[in-house]
Amino acid sequence: MNNDINLITQREQQRDIYSKMFLATALLFGVIFVLALILTLYSLFLKAEEASLSEDVVSARTRIAGYGEVKQKILIVSERVDSARNIISKRNSLETRTSQILATIPDIFSVDAIKAESDVITVELGSLSLLAFDDLLETRLPALVKDESLNLKRIESSSFTRAGNYQLTLAFYFDI
Amino acid sequence: MKQKLFQIYTKYKKQILPLALILLSLFIAFRVILPQFSLISETNSIIENKKQELETLNNSIRVLETTSDDAVSEDLAISTNALPTSKDVTKIFGALSSAASASNTELNEFSLKIGGVFGKEVSPADASAIGVPQVSVVAKVSSSDTSNLIQFGQKLDQTLPLSEIKQIDAVGNLGTFEIKFYYKPIDLNIVSKKDKVTPLSQADRNLLNQLAEWNQ
Chain C
1 MNNDINLITQ
11 REQQRDIYSK
21 MFLATALLFG
31 VIFVLALILT
41 LYSLFLKAEE
51 ASLSEDVVSA
61 RTRIAGYGEV
71 KQKILIVSER
81 VDSARNIISK
91 RNSLETRTSQ
101 ILATIPDIFS
111 VDAIKAESDV
121 ITVELGSLSL
131 LAFDDLLETR
141 LPALVKDESL
151 NLKRIESSSF
161 TRAGNYQLTL
171 AFYFDI
Chain X
177 MKQKLFQIYT
187 KYKKQILPLA
197 LILLSLFIAF
207 RVILPQFSLI
217 SETNSIIENK
227 KQELETLNNS
237 IRVLETTSDD
247 AVSEDLAIST
257 NALPTSKDVT
267 KIFGALSSAA
277 SASNTELNEF
287 SLKIGGVFGK
297 EVSPADASAI
307 GVPQVSVVAK
317 VSSSDTSNLI
327 QFGQKLDQTL
337 PLSEIKQIDA
347 VGNLGTFEIK
357 FYYKPIDLNI
367 VSKKDKVTPL
377 SQADRNLLNQ
387 LAEWNQ
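Chains C and X supply the protein sequences, listed in that same order.
Residues in the first sequence are numbered from 1 upward in steps of one, following the numbering used here.
Residues in the second sequence are numbered from 177 upward in steps of one, following the numbering used here.
Certain hints may be false.
[As the list claims (entries may be wrong)] Covered, in the sense of this in silico footprint (three residues per stretch, anywhere, with C-beta under 8 Å from a C-beta of chain C), are these stretches of chain X:
1) 180-189
2) 198-208
3) 268-275
[Claimed, not checked] Here are the simulated DSBU-like cross-link-like pairs (lysine-lysine), alpha carbons at most 35 Å apart as the crow flies:
4) C/47 - X/342
5) X/369 - X/356
6) X/226 - C/90
7) C/153 - X/316
8) X/369 - C/115
9) X/369 - C/90
10) X/316 - X/289
11) C/115 - X/316
[Claimed, not checked] In silico negatives: residues of chain C with every beta carbon more than 12 Å from chain X:
12) 75
13) 98
14) 128
The hints are simulated quantities; they were obtained by calculation from the structure and are not laboratory data.
Where a beta carbon is used, it is the ideal one built from N, C-alpha and C, also for glycine.
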């Protein structure tokens, strides 16, 4: 019976809704305002830090400018050392490869001509002994091919003639 | 009309303030909060870059403070002997003569293809695959022993200025060598703009020592 009696008037109910709505929006506004304030202050703090760092950078640059000559020398040396390393590492070492080939040829041979380029080295050999050629072609050259440091691709014999002594032209091809 | 507006105001006056607060909140959110987020992110990134730049500059200052002018001048002399600043004919002749003397060969003649004489950029004829300009030299060397001719090339490899033999043509006791001598001009404009100075690594130091040995 008591539950059916409504003591709060409709107007008071509406006023309560309005005040709750007002409180909610005021709270929302307050939160957003405080957030905006915090973010603005933080942003200003960061700007100040950025300005201070910029000043430090300018000051450091000024100090470096005081060492102008030494700085230039160090930079030039570094640059040149890098270039020198690059050159040395990429040199084709033509003379080293030629020297390794000549080292495998016994003294019984005369080396009549050498033509060396980056991918092929041609050697003209002469000897009076045919046995020496056998030894060279069957033992020494196969051993040379096994030397992986040479990057030898193949060996070709372009001519074998007899004009007084025996003459052999060998072409050594390399992987480059 | 005025009366009608007053009636509307009276009817909705309690909703106006919450509505105004909501609109104001939206305005603050879109005009203040959101731009601040992007500004903060941008400023943080700038600060991070500045900190790195400052650290690099401070490291450079430390390197400059601890480097002796005499030591760096010596390094500069070695490195410019290895890579002269221009097509230095005297140094090229010196290297050829020195290699000939060390390999018991005789330098009969040599010729240079000078190429570009002046220009702000390296002429295409002087450009190399490595990116360091070079000058072409043909040297004729003689020796009674063919192996000495090859040794001439090996000695030249260990002589400054740095060079690379592109072709060897040896017949009898005469050898013709096509050689590229490297050089590297200094661009002070680029060098003076750089502020990052790093100390030489141990590998750099070892290479300089090797170049110094070849310089003797």
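Results for each hint:
no., hint, verdict
1, 180-189, "violated (count 0)"
2, 198-208, "holds (count 6)"
3, 268-275, "violated (count 0)"
4, C/47 - X/342, "violated (60 Å)"
5, X/369 - X/356, "holds (31 Å)"
6, X/226 - C/90, "violated (38 Å)"
7, C/153 - X/316, "holds (30 Å)"
8, X/369 - C/115, "violated (47 Å)"
9, X/369 - C/90, "holds (30 Å)"
10, X/316 - X/289, "holds (15 Å)"
11, C/115 - X/316, "holds (14 Å)"
12, 75, "violated (5 Å)"
13, 98, "violated (5 Å)"
14, 128, "holds (18 Å)"
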